[in-house]
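A.B. asks: Each chain is listed here by its residues.
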Amino acid sequence: MEQTSNVVVQPVDKNKIRGIWKIAGILALITAIEYAFAFMMDAGTLRNVIFVGLTIVKAFYIVSEFMHLGHEVKGLIYSVILPMVFIVWLIVALVELEGGAVKSSRGTVDYHPAGSEQVDDSH
Amino acid sequence: MATTATVGNKSLWAGGVAPLKASYGKLMMWFFLLSDAFTFSGLLITYAFLRWSAPAYKGDPSDFVFSTEYWPIPEKVYDAFPGVHGQEWPLIFVGLMTFILILSSVTMVLAVEAGQRMDKKGVVKWMLWTIIGGIAFLSCQAWEWSHFISGSGVATIGDVFLNGRWVENYEIMGAGLSFNQYGPPAFAALFFFITGFHGFHVFSGVVINIITFFNAANGMYERRGHYEMIEKVGLYWHFVDLVWVFVFTFFYLI
Numbered sequence: 001m002e003q004t005s006n007v008v009v010q011p012v013d014k015n016k017i018r019g020i021w022k023i024a025g026i027l028a029l030i031t032a033i034e035y036a037f038a039f040m041m042d043a044g045t046l047r048n049v050i051f052v053g054l055t056i057v058k059a060f061y062i063v064s065e066f067m068h069l070g071h072e073v074k075g076l077i078y079s080v081i082l083p084m085v086f087i088v089w090l091i092v093a094l095v096e097l098e099g100g101a102v103k104s105s106r107g108t109v110d111y112h113p114a115g116s117e118q119v120d121d122s123h
Numbered sequence: 001m002a003t004t005a006t007v008g009n010k011s012l013w014a015g016g017v018a019p020l021k022a023s024y025g026k027l028m029m030w031f032f033l034l035s036d037a038f039t040f041s042g043l044l045i046t047y048a049f050l051r052w053s054a055p056a057y058k059g060d061p062s063d064f065v066f067s068t069e070y071w072p073i074p075e076k077v078y079d080a081f082p083g084v085h086g087q088e089w090p091l092i093f094v095g096l097m098t099f100i101l102i103l104s105s106v107t108m109v110l111a112v113e114a115g116q117r118m119d120k121k122g123v124v125k126w127m128l129w130t131i132i133g134g135i136a137f138l139s140c141q142a143w144e145w146s147h148f149i150s151g152s153g154v155a156t157i158g159d160v161f162l163n164g165r166w167v168e169n170y171e172i173m174g175a176g177l178s179f180n181q182y183g184p185p186a187f188a189a190l191f192f193f194i195t196g197f198h199g200f201h202v203f204s205g206v207v208i209n210i211i212t213f214f215n216a217a218n219g220m221y222e223r224r225g226h227y228e229m230i231e232k233v234g235l236y237w238h239f240v241d242l243v244w245v246f247v248f249t250f251f252y253l254i
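If you're matching them up, the sequences are chains A and B in order.
Going by full-length UniProt numbering, the first sequence opens with residue 1, and the numbers climb by one from there.
Going by full-length UniProt numbering, the second sequence opens with residue 1, and the numbers climb by one from there.
Certain hints may be false.
[Said to hold, decoys possible] Only part of the chain B face toward chain A is listed, based on derived beta-carbon distances under 7 Å: (1) W30; (2) S41; (3) G42; (4) I45; (5) F49; (6) V109; (7) M118; (8) G196; (9) H238.
[As the list claims (entries may be wrong)] When the alpha-carbon atoms are kept at most 35 Å apart in a straight line, the in silico DSBU-like pairs for lysine-lysine are as follows: (10) K58/B with K232/B; (11) K74/A with K26/B; (12) K74/A with K16/A; (13) K232/B with K14/A; (14) K16/A with K58/B; (15) K26/B with K232/B; (16) K125/B with K26/B; (17) K121/B with K14/A; (18) K120/B with K22/A; (19) K22/A with K121/B; (20) K125/B with K58/B; (21) K74/A with K76/B; (22) K22/A with K26/B; (23) K21/B with K16/A; (24) K125/B with K14/A; (25) K232/B with K125/B; (26) K76/B with K232/B; (27) K120/B with K21/B; (28) K103/A with K58/B; (29) K121/B with K58/B; (30) K58/B with K74/A; (31) K121/B with K16/A; (32) K21/B with K74/A; (33) K120/B with K16/A; (34) K121/B with K21/B; (35) K103/A with K14/A; (36) K22/A with K74/A; (37) K76/B with K103/A; (38) K125/B with K16/A; (39) K21/B with K14/A.
If you are wondering where the hints come from, they were derived from the structure by calculation, not from laboratory data.
All residues carry an ideal CB built from backbone N, CA and C; glycine is no exception.
Taking the hints into account, I'd like the entire structure generated from these sequences.
C.D. replies: If you want it as structure tokens, here you go:
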């Protein structure tokens, strides 16, 4: 242990550190925006789309900057991103189309509490 | 085909060079994470499919009560905070958990950055913070699970399948795998499965972080001449954070 190394520690690049904290700030800001929507906007398809959109923005910053994928060569970027694009396609298809189709073909009825107006939103 | 290939392309993929300019270990970590992302996608697809095909609550959110007949509003389920009784703090606790995990991701980036500068002290310091963040997150999750399982408020009346037969008008308190007070059985089952699977990833991440922390502190990577192991472990840790971002949106916000 005592044979102290001849390893040269390179000096800190202040800009790089500042950049890392900036990304952290962006992630915190997006989460705060999500909370603002969660508390100030009524639930609905539009709000869900906003949530998923903001989530993908957050995912972009984590993958591109924290995981450094944005700074790799194109071949590596595409071999990771392209399969995920197809998976997202599958998710959208299964959730929006299949989930809704199964619900309507089963004849599942949404719950309307007594006294609340019956809104016909069959589609 | 070979005859049409240009000289530049041929030399790139004909061996002797690394076309993706990444080491074997990093490349394999990327493809492992890709396959892990497929697994989580499968779980999230199942969740979303079951939820979108279940009956929804269409009344005023302020009148909402739990029932096994329809899917609950997440804010009404996750409104507890340790030490706070009788008040509703919707989503605040899970916000804290998100904050902890993002911060531990930042400290991991700082550890990787220190490793690239061969700064052993920096690596050890930031790895320690990352481990603390991971353990803090796991502790929060343990509290959340125990609260979710024991339940709170008024018991929900519903028909349940208990000890081999159907029981009508049973008072359901808390949550188990077969039924729960918050909504349809699938609600709690999916909660346990998906947050549990993510929590297990966090746990294994913490274990791997601890191993690399000791290796770095003992000078193993310094003798090796590079801190690439920290970068590979970092990739895994960021992936855990990434999955949480999606779990947070699909489970708690939507």
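A.B. asks: For each hint, tell me whether it holds in the structure or not.
C.D. replies: Right, here's what the structure says about each hint:
| no. | hint | result |
| --- | --- | --- |
| 1 | W30 | 6 Å, holds |
| 2 | S41 | 5 Å, holds |
| 3 | G42 | 9 Å, violated |
| 4 | I45 | 5 Å, holds |
| 5 | F49 | 5 Å, holds |
| 6 | V109 | 5 Å, holds |
| 7 | M118 | 5 Å, holds |
| 8 | G196 | 21 Å, violated |
| 9 | H238 | 5 Å, holds |
| 10 | K58/B with K232/B | 47 Å, violated |
| 11 | K74/A with K26/B | 15 Å, holds |
| 12 | K74/A with K16/A | 23 Å, holds |
| 13 | K232/B with K14/A | 24 Å, holds |
| 14 | K16/A with K58/B | 49 Å, violated |
| 15 | K26/B with K232/B | 6 Å, holds |
| 16 | K125/B with K26/B | 23 Å, holds |
| 17 | K121/B with K14/A | 17 Å, holds |
| 18 | K120/B with K22/A | 24 Å, holds |
| 19 | K22/A with K121/B | 23 Å, holds |
| 20 | K125/B with K58/B | 51 Å, violated |
| 21 | K74/A with K76/B | 45 Å, violated |
| 22 | K22/A with K26/B | 25 Å, holds |
| 23 | K21/B with K16/A | 22 Å, holds |
| 24 | K125/B with K14/A | 18 Å, holds |
| 25 | K232/B with K125/B | 18 Å, holds |
| 26 | K76/B with K232/B | 39 Å, violated |
| 27 | K120/B with K21/B | 25 Å, holds |
| 28 | K103/A with K58/B | 15 Å, holds |
| 29 | K121/B with K58/B | 57 Å, violated |
| 30 | K58/B with K74/A | 47 Å, violated |
| 31 | K121/B with K16/A | 18 Å, holds |
| 32 | K21/B with K74/A | 10 Å, holds |
| 33 | K120/B with K16/A | 18 Å, holds |
| 34 | K121/B with K21/B | 28 Å, holds |
| 35 | K103/A with K14/A | 55 Å, violated |
| 36 | K22/A with K74/A | 25 Å, holds |
| 37 | K76/B with K103/A | 24 Å, holds |
| 38 | K125/B with K16/A | 18 Å, holds |
| 39 | K21/B with K14/A | 26 Å, holds |
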